[in-house]
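Please arrange chain B on chain A, whose structure you already have, making use of the hints.
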Amino acid sequence: MDDQPPFDITPETVAGFARYAGYGYTRERIAELAPTLQELMAQLHALWDVPLGATEMALTLPTREIEP
Amino acid sequence: MSDDLCFASLSALAAQIAARRVSAVEVTRAVLARIERVGGALNCYITVNAEQALAQARALDALHAAGTSLGPLHGVPIALKDNIQTAGLRTTVGSEIYADWVPDADATVAARLRSAGAILIGKNNLYEFAFGAPHPRYGPVHNPWDTARSCAGSSSGSGSAVAAGLAYGALGTDTGGSVRLPAAYCGVVGLKPTYGRVSRAGVVPVSYNLDHVGPLTRGVRDAALVLAAIAGPDPADRTTSAAPLADYTAGLERGVRGLRLGVARRQADERMDRAVEEAAEQASRVLERAGAQLHAVDLPSYQHARAIMWGVSAVEGAEWHREHLRTRAADYHPVVRTNFEVGDFVPAVEYVHMQRVRQVMIDQMSALLREVDAILMPTTATPAHPIGAATVSVAGEAEPVLAALTRYTPLANVTGQPAVAVPCGFTDTGLPLSFQLLGRPFDEATVLRVARAYERETAWAARRPPL
Numbered sequence: 001m002d003d004q005p006p007f008d009i010t011p012e013t014v015a016g017f018a019r020y021a022g023y024g025y026t027r028e029r030i031a032e033l034a035p036t037l038q039e040l041m042a043q044l045h046a047l048w049d050v051p052l053g054a055t056e057m058a059l060t061l062p063t064r065e066i067e068p
Numbered sequence: 069m070s071d072d073l074c075f076a077s078l079s080a081l082a083a084q085i086a087a088r089r090v091s092a093v094e095v096t097r098a099v100l101a102r103i104e105r106v107g108g109a110l111n112c113y114i115t116v117n118a119e120q121a122l123a124q125a126r127a128l129d130a131l132h133a134a135g136t137s138l139g140p141l142h143g144v145p146i147a148l149k150d151n152i153q154t155a156g157l158r159t160t161v162g163s164e165i166y167a168d169w170v171p172d173a174d175a176t177v178a179a180r181l182r183s184a185g186a187i188l189i190g191k192n193n194l195y196e197f198a199f200g201a202p203h204p205r206y207g208p209v210h211n212p213w214d215t216a217r218s219c220a221g222s223s224s225g226s227g228s229a230v231a232a233g234l235a236y237g238a239l240g241t242d243t244g245g246s247v248r249l250p251a252a253y254c255g256v257v258g259l260k261p262t263y264g265r266v267s268r269a270g271v272v273p274v275s276y277n278l279d280h281v282g283p284l285t286r287g288v289r290d291a292a293l294v295l296a297a298i299a300g301p302d303p304a305d306r307t308t309s310a311a312p313l314a315d316y317t318a319g320l321e322r323g324v325r326g327l328r329l330g331v332a333r334r335q336a337d338e339r340m341d342r343a344v345e346e347a348a349e350q351a352s353r354v355l356e357r358a359g360a361q362l363h364a365v366d367l368p369s370y371q372h373a374r375a376i377m378w379g380v381s382a383v384e385g386a387e388w389h390r391e392h393l394r395t396r397a398a399d400y401h402p403v404v405r406t407n408f409e410v411g412d413f414v415p416a417v418e419y420v421h422m423q424r425v426r427q428v429m430i431d432q433m434s435a436l437l438r439e440v441d442a443i444l445m446p447t448t449a450t451p452a453h454p455i456g457a458a459t460v461s462v463a464g465e466a467e468p469v470l471a472a473l474t475r476y477t478p479l480a481n482v483t484g485q486p487a488v489a490v491p492c493g494f495t496d497t498g499l500p501l502s503f504q505l506l507g508r509p510f511d512e513a514t515v516l517r518v519a520r521a522y523e524r525e526t527a528w529a530a531r532r533p534p535l
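So the protein lines, in turn, are chains A and B. Residue numbering for the first sequence is 1 to 68, as defined by the numbering used here. Residue numbering for the second sequence is 69 to 535, as defined by the numbering used here.
Just chain A, same shape as in the assembly (with noise of 0.2 Å):
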């Protein structure tokens, strides 16, 4: 793998995605939501400086609270 991720939203690389997932989105679609994907990807990928250490994940559990 490279060191840096590829992030390339296009019609193209998205409708990979999407045939391979099974979703039903045509071509023109795809290229309607690639802005607003582009956007939502750049936001969750400055997540990734966030140190997490040994956290785990949060989890929505029956009667699960949040303490202090």
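Calculated from the structure, these hints are not laboratory results. Quick reminder that beta carbons are idealized off the backbone N, C-alpha and C, glycines included. It is possible that part of the hints are untrue.
[Unchecked claim] If you want the ones that stay clear, here's a sample from chain A, every Cβ over 10 Å from chain B, calculated:
1. E28
2. R29
3. A31
4. Q43
5. E56
[Stated by the list, open to error] On the chain B side, residues computed to face chain A include the following (Cβ under 7 Å):
6. N111
7. A375
8. G379
9. T406
10. V410
11. D412
12. F413
13. V420
14. Q423
15. R424
16. V425
17. V428
18. E439
Leaving out everything else, chain B in the frame of chain A:
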């Protein structure tokens, strides 16, 4: 007289009904008449439940005459956001897809309000599926303080109706701020309780991890009364908690002397409207004069909250909406459709990463709330923007409306802690301003107590919109 009755506080009205100075039927007729008069200009109701509400009022008056009271909400008209299911009453979710849906059962919160004696006066307009924009079938809700302005969302109609005296309280839902944002724009109190404190059973979801149900009211005591009626464990919602319920009204008048209040320090790159900043600063000074100890605090990761709220909601929403998006995509507002469809393309690894960052933020806030009892910060970066605006000017720079709007509220959704939006003044042009108080999980009593201490020292709650 009729308008004075409509603008009475929920708690004052309940006392009048209990003392038989006014009947539930008289109150319901007064509210229905005011809805008839000004509701159309605000577009805050999708369904006005006139017939059932009057029948309910007559039944409640009969009970009262027989010496039975169902509690502090007996005979009080309350509205529900239209994503909360109501038995026998249309629940559109603000959508074309559910435009004619009449559920056969109440959501738990609706049933609890009925059991507490509340009259369900109607169903409030909202953003379609509580996520992004109003569907053109229903149109935007107008702000009672300036009808050319937005009420924000997604509980737009709930905020507008309560501010305009068209209900004594309303329930909204809050995934990234959707109770507190309309409360801020409309100048009312909006409470997002702790995750797990109030059942979401029977509420059409956006995000299983981030959705909350909470009240919008014209006063802090009123919010406490509504919370008391709807809070508590529910077998139908496995995320509800068995944590003990507080008496939410008992400590409201205790004041803030000795309480440690964290005041969020403004970040170097953080833009907000000057009026918002000054109002929040003045609010902290009011509380300091009332005896609170102020401590400047940093919220190191609050700026991540919006990304997590957006990403988690998109993914979870895409899953819930999968069938509708396949078969009825054209029936969605284009913005709402896009908001959900992008969730299909967020890798699962990113979803897990968001949940880990979320846990970091929960841990950070927990550590901070060992040092202070509550945290004060603005609710929104600006006052209400014009309806239809794509951008808003924040401290002289144009910014997308949604980015400015959701700067501060998603944090409490991501951490699950309680947060209450409190009116704290008006701009020179008469638009409401608001700050929010964030507290420890399951400690709604403290944030309400601080909010009430502020409310007692100021007179904002007495103002009425020009309608």
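Can B:V425 be said to touch chain A, with a Cβ gap under 7 Å? With a closest approach of 5 Å, the B:V425 hint holds.
Identify whether the interface hint at B:G379 stands, where standing means a beta carbon of chain A within less than 7 Å of its own. Constraint on B:G379 satisfied, holds at 5 Å.
With d taken as the least Cβ-Cβ distance between A:A31 and chain B, does d exceed 10 Å? Check passes; 12 Å lies beyond 10 Å.
Grab the minimum beta-carbon distance between A:R29 and chain B and tell me whether it stays above 10 Å. 8 Å, violated
Hey, does A:Q43 actually stay past 10 Å from chain B on C-beta? Violated, since 4 Å does not exceed 10 Å.
Is A:E28 truly not at the interface, in the sense that its beta carbon sits beyond 10 Å from all beta carbons of chain B? At about 13 Å from chain B, A:E28 clears the 10 Å cut-off, so the statement holds.
Closer than 7 Å between Cβ atoms is the bar; does B:R424 clear it against chain A? Give me holds or violated. 5 Å, holds
Would the hint on B:N111 stand, with a C-beta cut-off of 7 Å toward chain A? Where the cut-off is 7 Å and the nearest Cβ of chain A is about 27 Å from B:N111, the hint is violated.
Just to be careful: measuring from the Cβ of B:V420 to every Cβ in chain A, is the smallest value less than 7 Å? 6 Å, holds
Per-residue hint verdict: B:E439, partner chain A, C-beta under 7 Å: 10 Å, violated
Under 7 Å, Cβ to Cβ, is where B:V428 needs to be relative to chain A, so tell me if that hint holds or is violated. Hint holds; B:V428 Cβ to chain A Cβ min 5 Å, cut 7 Å.
Should the hint that B:A375 touches chain A count as held when the rule is a Cβ pair under 7 Å? Holds, about 4 Å.
Hint compliance for this structure: hints 2, 4, 5, 6, 18 are not met, and every other hint is.
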